[in-house]
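> Since chain H is already given, all that's left is putting chain Y on it; use the hints.
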Amino acid sequence: MTLNMGPQHPSTHGVLRVVLELDGETVVKAKPIIGYLHTGMEKQAEYKTYTQSIPQTDRMDYLAPMSNNLALCLAAEKLLDIEAPARVQAIRVLLTELTRISAHCVWLGTHALDIGAMTVFFYCFREREKVLSIYDMVCGARMTASYFRVGGLASDIPLGLLDKCETFVDEMPAHTDEYEALLTKNPIWLARTREVAPLSRRDALALGATGPTLRGSGVKWDLRKDLPYCGYDTYDFEVPVGQNGDAYDRYQVRVQEIRQATRIAKQAIERIRAMGEQGEYRLRDYKYVLPAKEEVKTSMEALIHHFKIVAHGFFPPVGEAYAAIEAPKGELGFYFVSDGTPRPWRMKVRSPSFVNLQTLPTMVEGRLVADVITAIGSLDIVLGEIDR
Amino acid sequence: MDTMTVAAGATLTPERAEQRLREGFPGAPLRRQEGAAVRDHTLIVPADHLVEICTFLRDDPEMDFAILSWVGGVDYLPRQPRFEVVYHLLSIAHHCRLVLKVELPEENPQVPTVSGVWPTANWHERETYDFYGIQFTGHPDLTRILLPEAWVGWPLRKDSPLGYQEVAFTHNTPERTVPDPDLKKLAPKKVKYRAH
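Going line by line, the protein sequences match chains H and Y.
At position 77 of the first sequence the residue is numbered 77 (the numbering used here), and the sequence of numbers has no breaks.
In the numbering used here, each residue carries its 1-based index in the second sequence increased by 388.
The following block holds chain H by itself, in its conformation from the complex:
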């Protein structure tokens, strides 16, 4: 029997369609069909300046907008061969780690909801709401942040933000304990996730999986540790790794990542405090970065730079660059080809969900149809990012 699942199906986390060939309750063949959310972002980027593409990225992985902003900015910075100041790096680390917590909260809530544990959803969204209100405080938007800029940030962080973040980070471990109390030893949860949707280490590597999907299969690979950016090598944290590559291991990896993310965020808050609650939030290289508003009012040079960057954008050298970050879902990278004009000749997005979804047939073929739901949930996909 051929069964069509999706694209309008609540457990496909968006508009994923899977065509399942069944023999009784066993899946013989599974074919994911994507593209229902394709908006041509890579094409549109060729008609926009680098900065104008930042709001586009919010709409890719809409559960982790700050991570997407960061990946684009790092790729553009690599192309321009500039580096953001240390304080900016720390703020970026703080906000992307909070993003990781919120993205994992949404994943845990919806994944548990798919399998039938409803309570977790409410608990997780309670914490996610706090991260969204931090976003709101930082940039005025709850989901479409567009807060990072090439060479810095859109504006300085508001006073009182660090206190708010600290309160959140301090209470997060207790909340994580709550989630774990509901699930980790829950017999129903164990029955639905243990040895379900397994992915061997070999398959995970061959299929190019990254992020918690790869680490759940026992490969210790985290770009923050192994090819560090934003000064992650100076933070103290651990990379959780699974053993069996089943849905339960991916659950464990992500829950432990929430704990590690709170650790990193805590260290980032201390560093920002040490460098000042208000301070440098942009690189002072006016060829590429907007000068501060105060300077524009007093300096002719700054006014000219301001005008030129707003009117044309910055002019990168002819060349190309690829930069990747460890987003909540895996390796998120941007590849820019520049022809020397303010608009990229080509922007390519390497989105983790697109690649991770390819492992779905390997996980479910030969197994029960009910496990397809678990497999999709445990992959943590976002269709906005897959289809772009």
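Since the hints were made in silico from the structure, they are not lab data.
Quick caveat: nothing in here was measured; it's all calculated off a predicted structure.
In this text, a Cβ means the ideal position worked out from N, Cα and C, and glycines have one as well.
Incorrect hints may have been included.
Which chain H residues face chain Y? A few, computed with CB under 10 Å, are given here [claimed, not checked]:
1) Met1
2) Lys43
3) Lys220
4) Gln358
Label pairs and their computed distance ranges (CB to CB) [stated by the list, open to error]:
5) H:Asn186 - Y:Asp436: 52 to 62 Å
6) Y:Pro449 - H:Ser200: 13 to 23 Å
7) Y:Asp436 - H:Glu166: 51 to 61 Å
8) H:Pro317 - Y:Pro449: 29 to 39 Å
9) H:Pro317 - Y:Asp436: 30 to 40 Å
10) H:Asp81 - Y:Asp436: 29 to 39 Å
11) H:Phe122 - Y:Glu450: 45 to 55 Å
12) Y:Gly504 - H:Val369: 24 to 34 Å
13) Y:Asp529 - H:Arg202: 17 to 27 Å
14) H:Asn244 - Y:Gly504: 19 to 29 Å
Relative to chain H, chain Y alone:
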């Protein structure tokens, strides 16, 4: 626990990878991409040697490029050869990235698939085919992936301008027609002077 750990000092540089490739494939014309702002080590390889080079890079213990990070296309119209297919390789054992490129002509661009080397290439190559119309010979399922199956044209080619696609649903605007794309008018404006 059977985790992959990295021995200290076992670092591979892209320069070393290039040297090994030159030794291993003396017949293949390899070229390093020039340019100060080419930020990653990029090798341009011939299409007919691609699969053996990739197999070598994956299997050789000193190289060990276990992951193909992504594959993508670029259209350099009006340059000849017009297309490029870019392969980003990642060696997680040696913390090293390497970029391979294949240049393809405007007429009948085709390149052998590497989905036999890294199965992950399957979707990446479908996406490149979908966007640029580049044929991957030997690919198990070379069909459109992101665009609808009935789509006509290759949207990311530079002669396919933004905003002039056929509209899928025209039942409420029957008079709507698709104008001829005026390439000169639609291409992004080039700014004559530079800021520095």
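> Looking at the structure, which of the earlier hints fail to hold?
Violated: hint 1 alone.
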